[in-house]
Each structure stands twice: as C-alpha cells, then as structure tokens.
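Colleague: Here are the chains, one letter per residue:
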Amino acid sequence: MPTSIRASASTEAQALGRAAPRSLWGEAFLRLRRSKSALLGGIILAGLIAAAVAAPLLTPWDPLEMNAVDGLKPPSARHWLGTDILGRDLFTRILFGSRISLQTGLISVAIAILIGVPVGLSAGFYGGLTDRAMMRLVDLMLTFPGILLALVVIAILGPNLLNAMLAVGISASPTFARVVRAAVLSSREQTYVEAARAAGCTNARIMLRHILPNTVAPIIVLGTLGVAGAIIAAAALSYLGLGTQPPTPEWGGLLSEGRNYLRVAWWMTTFPGLAIMTAVLSINLLGDGLRDALDPRLQS
Amino acid sequence: MLQFVVRRLLLAIPTMVAASILVFLMLHLVPGDPAIIFFGDQPVTPERLELVRHQMGLDRPLVIQYLDFVRGIPRGDLGRSIHNRTPVFEELRTRVASSATLALAALIVAGALGLSLGLLSALGRGTWIDAGAMLVALAGVSMPIFWLAAMLIFVFSLRLGWFPATGFGGWNRLVLPAVALGFVSAATLARLVRSSVLEVLLQPFVTTARSKGLREAVVIRRHVLKNAFIAIVTVLGLQFGTLLSGAVITETVFARPGVGKLLVDAISNKDFPIVQGAVLFIALIYTVINLVVDLSYAYLDPRIRFD
Amino acid sequence: MDRIPRREFLKRAGMGVGALAASQVLPLLTRAYAQGIGTLTYGMAGGFDTLDVTATTFTRVGRIALHIIDPLVWAVAPGQYAPGLATSWTVSPDATAYTFNLRQDVKFHDGTPLTAEAVKVTFDRIVDPNTRAQTAFSFIGPYDRSEVVDRYTVRVRFKSPNAAFLDGASSPYLGIISPAAVQKYGQDFGRVVFVGTGPFMLQSYTADAEVRLIRNPNYVWGAPGFNHQGRAYLDGIVFRIVPEDATRLAALETSEVLFVEDVPVTDYQRLKGSQNKVLLEIPQAGSGWSLMMNQMRSPTSDLAVRRAMMYAIDKDGLAKTVWNSVFKAACSPLTPNMFGFDSETCRKIPYNADQARRILDEAGWRVGPDGIRVKGSERLRLEFFLQTAPQKNIEMAAFIQANAKQVGIDVNLNVAARPAYLDAVRQGRHNLQFWWETGTDPGQILRILFHSSNAGGGTNRNNYRSPEMDKLIEQIDATAEQASRKQLVVRAQQRVIDDAVMVYLADPPSLYAHDRSVTGVWVDWGGNYPYFFNTRIQR
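Residue numbers (the working numbering), protein chains in the order written: chain A, 1 to 300; chain B, 301 to 607; chain C, 608 to 1146.
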C-alpha cells in the first residue's frame, strides 16, 4: 500500500522536524478537490448559504406576514410550500429560517470543539492527575446530560438564540473531550510520538503537530455529525419552547410548530424536515471528504 | 485491576459531591422563587407566600440548606419534594426503573443497528452498500426525535396496529420508544464504527494476519470487530446517561414516566431536593457504566494501560 | 337554596350531554348491569402534583378525585344545586352561615362513617397552613370555622358573606375526605393513599403514568339526581397520562383508551364525522382566553393604549384562524354560559382598526418612520410575556402581534419557561399576558381578575385598582338573592369594559371524545368534570 507508506514516511519526516508545515494541509486540499462527493456537498452547502444570504430577493413574501384567510393552505403556485396556520408562507419561513439554523449548527459545534478538544487533548496526553481531574469534570457534565444541561443553561440565561447556541455547544463539548481523549490514548503510544519525544520536541509541539492531526478524523466525524446534532438539538429546544423567540422562523421551530398538524398539514413538517436533511447531508459529505483528505491512510 | 476499580469508585464520591453542589448552585442561579412558582397563577397573600417560603426552608442560609440535604444521604433519606412533599426516593423509584428499561432497550437497538450499518459500509467501502448504509445513518441523525416518534406511532400503531401508541406497561409497549430512541444513537454509532473499522483494516497487524493466510471472516472476527467494539463501547458509555435522562421527548411522546421528565419539571419548579436526588442517582449509574466502559478498553485493546 | 326534583335534575344535567338522556330511558336495565362491565381507560393530557384534592392546583386531579369523593352538593345549572352528601341545607340571610344535613348511610372507603366531624376536619384542613391548599383554598373563601351541630349536621361559618359557597361545595376540591386516613397517613395522604366516600376507590397511583380506580362495592348513596343510587356500572377506571396530543388521539383511535380529554381543535372535524367515536363539546365556564394589560407599567398605563388594543384585535379572525372556528370570539370577562353574563357586551367593542388608530392619534401617539407610534421619546412597544406551552399560546400571540402592528403598536414577545415567566409577571415587568380561568361562580372569577387585593403580584396582573369595582365584587359575594346578584354581575362586566382593563379573546368549549361503546357519561354544566358513575361500556 504505497499511500500508507508515504503517509507514515511523511509523518516520520515531520517527527524529525524536517517537513514543511504546509505539506499536510496542502496535500489535503488537493485530495479534497479530487473527491466528487465532497465537491457535491460543498456545492449544496454553498447554495444553502447563498440562499440564506439572498433570502429577501428570492421570495415576494415576508416571513412574519400573516394572512388569516390563507391559513393551512397546501403547496400551490402562490405558496410554493404551502402556509402555516397563520397563513405565513412556508417557503419564505424556511428560507429565512436557514439563516438562523445554519448559524446555530455551525456556531454551536465551534463552541463544543473549542471547549471539548483542548480538554480531551491535554487529558489524554498528560494522563495522570490532569487526566483524572479533566475527566472528572467531563463526567460531571455528562451526568447532567445534553438536553438537561441545555435546559439549565437556558433557565439561567433566558431563552434566546445566542443562549441556545451556547447551551447546545456546552452540552455537546464533553462528547468531543471524551472521543479526542480516546484517540489520543491510542496515538500517544505510536512510534512516531516516541520518536518525536526522543528527538526532544516540547510537549506542546508534540501535541499540536503529532497528536492533534491524528485526532482530526474523529473530530471531523463528530463535528460534521455535531452540526446536524446541533440543528436537531435546537429543534428539541424549540419543541420544549426554549429555542429562538417566536415569531422568528428557525427550522427546528418550524418542524415543532408543524407537529400538531401532522395529519392535516403534512407540508408543515415535511419541508422543514427536508431542509434539515439536505443541510445535514451536504455538511456530512463535505466532512467525509475532509476526513479522507486529512487522513490519507483511509483512501482506498 | 481490582485496585483500579476500587480507586475509581472512591474517586466517584467527590464527583458526585461536586455534581450535587454544582447542581444546587446552578439551580439557585435560575431566576424565580420556588414559593412563587408553587402558587403559580393562584391568588396568594404575602403572608401565605412567606409561610410557604419558610416551610420550604428557603429562608435559611444556602450552606445550611445544602448540608440538610447531605445529612440525610447516609440514612438513605433524600428528603421530600418542596413542591408536593412526596419523598424524593418515591418519586425516583418508578421513573428510574422505567427510564433504565427504555435506555437499555434503546442501547440494544442502537448497538445492533449501528454495528451492522457501520460494518456493512466499511467492508463495502465505496460501493452502493456503503452509500446506502450511510444514508440510513444520516437519516437517523437528521430526524428530530419527536418527528420520528410521531411517524412510528402513525405507521405502526394507527395504520398497521402492530404496537400500542402509548408506551407504559408490557413489553410490546417498549418496542416503538426503544426504536425511536435507539435509531438516533445508531446513526452516530454507525459512522464511528465505519471509520474505526476502516482504520483497523489498515493497521499492520491486520495486514500481517492477512498475509499469514487467515481467512477474511476470521480476520474480521478476531481483529476488526474487537477494535470496532472500542468505538461502540465508548459511544454507548457516553450515551447511556443521555439515554437515561435525556429521553424526555421520547418519553413524553410515548407517554412513559421517566427521570428526564421528572428533572425537567423539577427544574422548572425549582424543586431542589428532587433535582439533587435525581442527579445523584444518575451520577451513580453513570459512574458504574463508565467504569465498565474503561475496563472494557483494557480488555479490547491491550495497548491501553491504566496508570 | 332551592332543591330540585330528580326528574328536573336529570333534564338539566342532561342539557350539556345527550348521553345522560339515553341512560334515562334504560332505568330497568340498571340491575342487570350491576355486576360491573369492564374498565374505562381515560387518556389524560398531563401529570399533576398530588392526588390530594385539598392541596392540588390541577383540574385533572379534580377530574380523578370526583370519582373518589362525593361532593356535598351537585351543581346542576348556573346557581342551582341538588343534594349530594348533604340531603338538605339552609343559608343564613347574610350568607355567612351554611347548615348542611348529611346522609346517615355513608361510609368512607376505610370503613369509617361519614359524620359532621369529617366535614369539619376536611374544611379545617383546607385552611391549615401546613396543607398548603390552593384551589380548595380559593373555593372555601373567607372560611371561619365549622360547628358540629349534631352527629349528622354541620354548620360552616364565614368571616364575611360568601354567596358562592355552594358553588365551591359542589366542586371536587371541597369533597369530604376520611379524617381517620388523614390522621393515619399524614404527609403521605394523597401520595400513596386517598380515601373518600365516592363510587370508586384508589387502587394504585404511578406518578406521570397512571391512576387506577376500582369500584366501591359498598356504594349505595348515589345522589338522587342520577339514574341509580347503587354501585357504579364500571369495574374500574384507569386514568392514563398521555401528554402529547397526537399520541392521545392515536390511542383513542386504536381503542387503547376509550375516553380522552383536551381534544385539539385540529382533530375536531375528523372526530365529529367519525363513525365509531363521539365528540363531546360543552361550553366551558369561566373567563375564556383573555389578555391582561398591566396598568402599572407604561405604555399600558395609558387608557388610550388599552382601549386601542381592545379595538385592534380581530377576535373573530383569531377564533377562526387559531382555533379553527371551534372557539367563539369573546365579549366579556365571563363566558356566555355563566350566571349573569351580559350579552350587551358583545356590541360594545367590535373589531375596528380605524377606531384604534383614531384613539391613539387623539391621545398623541404619532406614527413614526417605521410604522410604530411614538409619543415624545417613548415608543409604543408592549412587552408580552407568555409561557412556552401550550403552542396555541404562541400562535395567538403571533396573531395579536400582527394585529397590533396594523395600528402602529409594537408587541414584543417574551416566551419564557415557567419560573422566569412567573418572576416577570408577578413583579409586573409585563405589559401583556394571557389569562384563562375556569370556574362556575362569577363572583370568584371577577375577584381573581379585578379585585385590588389580588393586584401587585397576585392574580390581578392588570394591576387594576378600582374602589368601585372592589365594592361591586364584595356585593356580589354578599348577595345570595339571584335577581339582584345578576344585576351586580352585569354592572361589573360593563365597568371593566369601560375601564379597558382586559381584552377578551376567545370562549373555548371543553372538548372530550370517547369510543361509541361508551355510554352514560355525565359532564357538569361548566364543562370541567366528566363523571362515570352512570357509564357503561357496551360490547
């Protein structure tokens, strides 16, 4: 397997501090461009982001404008995706909702990574007391799991978009810490780490240069799924009434508004659901491509 | 090994103490006076409000309130709800049993589904099987659970009549909630199994095993599966807590009593004893589960040492 | 108070629900079914705090408890009562003393006899601060003490006139409980046991899951108003807690439950046309859905703003859009079926956005550049606090927000979880908040909404303080004579409309549905308490 030999040769070269730092990311970028599914994911995601930005130009309706006589109307030429109970245009609401939802997904995961990865990395790397202390902290957070942690954060800070993102991000961070730690635990025993250590690299350098890249794959897997998870978690908060403040549309909120009308207005849940799936799918395709690009050993 | 277990269990005590203090403090940060919440939208005079505040013990210093809670624990007394004055243990008993049953059933669904989807797609990497399995997994993560649960009821209960719509009572009532709850975890699991299996397949020892002429099935059983289990065990350990107390929505939709619902209600009532009791209970279960998870690491991957 | 002959009771009680009329035709079959015919499963829309009906705040607990206890009297129509545990009663002219003569053949589920002492213990327990009674505490009003006149006669005394007491005594919350059981179980009464004299006994209670009742085999004291006095027909009732609307309805359709409460308006049409389900629709007594406007906080302290809000909201549109036309536009703080409802109020404030604009223009609120009005440096922005559930709250609020915007009022929605919500509104940080009250006595409803003693953090979150209104409410409470009481109730309604205290939005019906095999369901005229004493399940 030539790729795998090349990869380990390059990591060893890095371990000896000779390779240019650009090589890993540069190569990764080249590989990413070659992946068709990643390209597709990227295009869809870019399309969604563009639509979110250009929302007002793409629809004649106002997302908040009600029209009592038009309530609960199925999709038509006038209202492409139908209307909700207050006669608001669903297409418009989904379009404007994408602004909030994409933000929520990305920012929450960024928060989770910013908290979780350093904790997991240092716990796994240093081991001993650091590990124990950090993992106790993680355990502590996990004993008060996801949605409940989010609930308390929102109960304290009040329900709004920013707090929802913070809540979702904080509650997702222990998972990142744990998984990163597990990846570190197995990679710190690898020969190239020992080689780096023998070569006199500092701890910080070993962590950032040699161990972190090996945890990138699980971080990306978790992170891309996490964006999806965060959008869904925000939907769950909306279900409990603690997400974005109405009447601002958000995908999860739209879905949760529709749940009382499952049997009389299928469009109210179907289209926001499809919107979430499309976004999640594209983010995941892109994520898969990224992971393969960053971890060339997995290329077949 | 035994030493490790004992040490972990001893270490769990400070975790639980910390958890209970943290929860106690966090709850105090939540705005709202429990006595006011108690009266809700009922008429009340200031005198009655003050009296209830006193009965709830809210007029005492925080430290005393906390110590009172701690003092009862050795006797197994978790106190009574300040809201409806039911013993906390009584409130927890049936709900913990119900939630644990559901969590376990969901874990089985998640494990079976996640493992098979993950393996299928890893072994058939790049083919339509891979794509199909990952699409199913993806559908799992991108479906909000209340929607999935509602659909399951609509199809399997209303249309086909296979299972009851409400989920409290016999075993047949457990199926739909377990599938709903397990499916979401299965998706995460399938992805991690896939990537960990792919990683293992490229490890030198697999190549060695193959080159020694071992049959593929044996390679997979002996080496690949064992390593894939590390990912599974990690995720399941992580998710058990979530499944146990985070199943609020599933439990609400399927009309099952549960710890999550109890906690959500108790948080919104600022019912300190209930929240503290429940968190303590969950922390205990979580500690045990994760001890098992960590022990299984050592068994599954001898390179991982406990020091 | 007037006693009503049995036939009359049946006729009146049957007004709300046709089902009772059917059982009226079948009195001869009573004995044949006396062995008990199955268990009724009831889909309940949520959990509750405790089964102790004295302490609870939940209507649902009243619905369960009505089967476990017997009320002293039964309410058969607004202002009219029939015997329950009390065979007869007298009221002192000033409405401060009620004397009840009790049935002498009644035993609690624990075997102890019902005596005047039990009534005294039950009522004393309501005002005991340790009980922390809530709904019952409001119902018993200015209670002073109970006197045991003889073994089966009790006199209840009040500190001030309480013309509404029979209304309270007819509610499940003042149902008589066993003093022996209260003594024996202390704090666990209502948690693990609950002992009354009713046709059903508590078998088990699993919080957030179900309450099981079994038939009381010794029951022979059914109220004379019902078609039989012996044991209930059903073997038992299981109240199963199913909070999610869709699941509850699905369970009804698969016959997992035979009866459900709180039918969502979206399922109304489907159930109405259903072959094998029956929809029960009873106008709900109380205040209906309404909007409180805080007078202690600007800009709702301005009469003009409040009047403009009353005109600006399209109540018919709201009832049609949000409530599928199942609810009706409201007129007054009382629902139309309440004693003393003034139909004149329906003509007083029609939906008229132009009128609203005019009122604001005249009061100096000028339309600003963004369409929102300003006066000096103040923007016409109203803070609307509402709770996260039910979702209809949010739909109504969004509708109101859009209506208000039409006339230049900016309504800002603050959806909050219960603690934060209560914190805000009790402290008066809101301009607007919803109110929805069920109850069958007009005096009690008006007191909750408008009496100054309930302002400043209580239930009068209008923070409306009017000595004239206070006096009117006190007079209503003190007047037992029906014609003059009615006059006072009418004057009170007109007064609060003139003072632009609240916006009255929608009058809801209570919606229940059951399997067609279920017959003989009785529901009180206020629509809150379905009663299964006469109920059979026909296979």
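The hints are simulated quantities; they were obtained by calculation from the structure and are not laboratory data.
All C-beta atoms in this analysis are idealised placements derived from N, C-alpha and C, irrespective of residue type, glycine included.
Take these hints with a grain of salt, some might be off.
[Claimed, not checked] Result set (DSS-like, lysine-lysine): computed pairs, CA atoms no more than 25 Å apart in a straight line:
{"#": "1", "chain 1": "C", "residue 1": "K935", "chain 2": "C", "residue 2": "K1093"}
{"#": "2", "chain 1": "C", "residue 1": "K999", "chain 2": "C", "residue 2": "K982"}
{"#": "3", "chain 1": "A", "residue 1": "K73", "chain 2": "C", "residue 2": "K1093"}
{"#": "4", "chain 1": "C", "residue 1": "K766", "chain 2": "C", "residue 2": "K791"}
{"#": "5", "chain 1": "C", "residue 1": "K1012", "chain 2": "C", "residue 2": "K935"}
{"#": "6", "chain 1": "C", "residue 1": "K955", "chain 2": "C", "residue 2": "K879"}
{"#": "7", "chain 1": "C", "residue 1": "K927", "chain 2": "C", "residue 2": "K1012"}
{"#": "8", "chain 1": "C", "residue 1": "K1012", "chain 2": "A", "residue 2": "K73"}
{"#": "9", "chain 1": "C", "residue 1": "K791", "chain 2": "C", "residue 2": "K727"}
{"#": "10", "chain 1": "A", "residue 1": "K73", "chain 2": "C", "residue 2": "K955"}
{"#": "11", "chain 1": "C", "residue 1": "K879", "chain 2": "A", "residue 2": "K73"}
{"#": "12", "chain 1": "C", "residue 1": "K955", "chain 2": "C", "residue 2": "K791"}
{"#": "13", "chain 1": "C", "residue 1": "K955", "chain 2": "C", "residue 2": "K1012"}
{"#": "14", "chain 1": "C", "residue 1": "K727", "chain 2": "C", "residue 2": "K714"}
{"#": "15", "chain 1": "C", "residue 1": "K791", "chain 2": "A", "residue 2": "K73"}
[Stated by the list, open to error] Here are the in silico distance ranges between beta carbons for each label pair:
{"#": "16", "chain 1": "B", "residue 1": "G469", "chain 2": "C", "residue 2": "R1036", "range": "53 to 59 Å"}
{"#": "17", "chain 1": "B", "residue 1": "A318", "chain 2": "A", "residue 2": "A110", "range": "26 to 32 Å"}
{"#": "18", "chain 1": "A", "residue 1": "W266", "chain 2": "B", "residue 2": "L302", "range": "35 to 41 Å"}
Colleague: Run every hint past the structure and note whether it holds.
Modeller: Status of each hint after checking the structure:
Restraint check: the Cα-Cα separation between K935(C) and K1093(C) comes to about 23 Å, which is no more than 25 Å; the hinted pair holds. As the CA atoms of K999(C) and K982(C) are separated by approximately 33 Å, the hinted pair breaks the 25 Å bound. For the hint linking K73(A) to K1093(C), the alpha-carbon distance of about 45 Å lies beyond 25 Å, and the restraint is violated. Restraint check: the Cα-Cα separation between K766(C) and K791(C) comes to about 31 Å, which exceeds 25 Å; the hinted pair is violated.
A hinted pair counts as satisfied when its Cα atoms are at most 25 Å apart, and K1012(C) with K935(C) qualifies at roughly 23 Å. As the CA atoms of K955(C) and K879(C) are separated by approximately 33 Å, the hinted pair breaks the 25 Å bound. The hinted pair formed by K927(C) and K1012(C) meets the criterion: a straight-line CA distance of about 20 Å does not exceed 25 Å. Distance check on the hinted pair: K1012(C) and K73(A) sit about 24 Å apart at the alpha-carbon level, within 25 Å; holds.
With a CA separation close to 17 Å, the supplied pair K791(C) and K727(C) stays within the 25 Å bound. Restraint check: the Cα-Cα separation between K73(A) and K955(C) comes to about 34 Å, which exceeds 25 Å; the hinted pair is violated. Using a Cα cut-off of 25 Å, the hinted pair K879(C) and K73(A) holds, with the two alpha carbons roughly 22 Å apart. Note on K955(C) and K791(C): the hinted pairing is violated, with a Cα-Cα distance of about 57 Å set against a maximum of 25 Å.
Straight-line distance between C-alpha atoms of K955(C) and K1012(C) comes to about 23 Å, which keeps the hinted pair within the 25 Å bound. Between K727(C) and K714(C) the CA atoms are separated by roughly 16 Å; this keeps the pair inside 25 Å, and the hint holds. For the hint pairing K791(C) with K73(A), the CA-to-CA distance comes to about 60 Å; that exceeds 25 Å, so the pair is violated. For G469(B) paired with R1036(C), a C-beta distance near 45 Å fails the hint of 53 to 59 Å.
Under the hint 26 to 32 Å, the C-beta atoms of A318(B) and A110(A), about 27 Å apart, fit the expected range. A hinted range of 35 to 41 Å is violated for the C-beta pair W266(A) and L302(B), which are about 59 Å apart.
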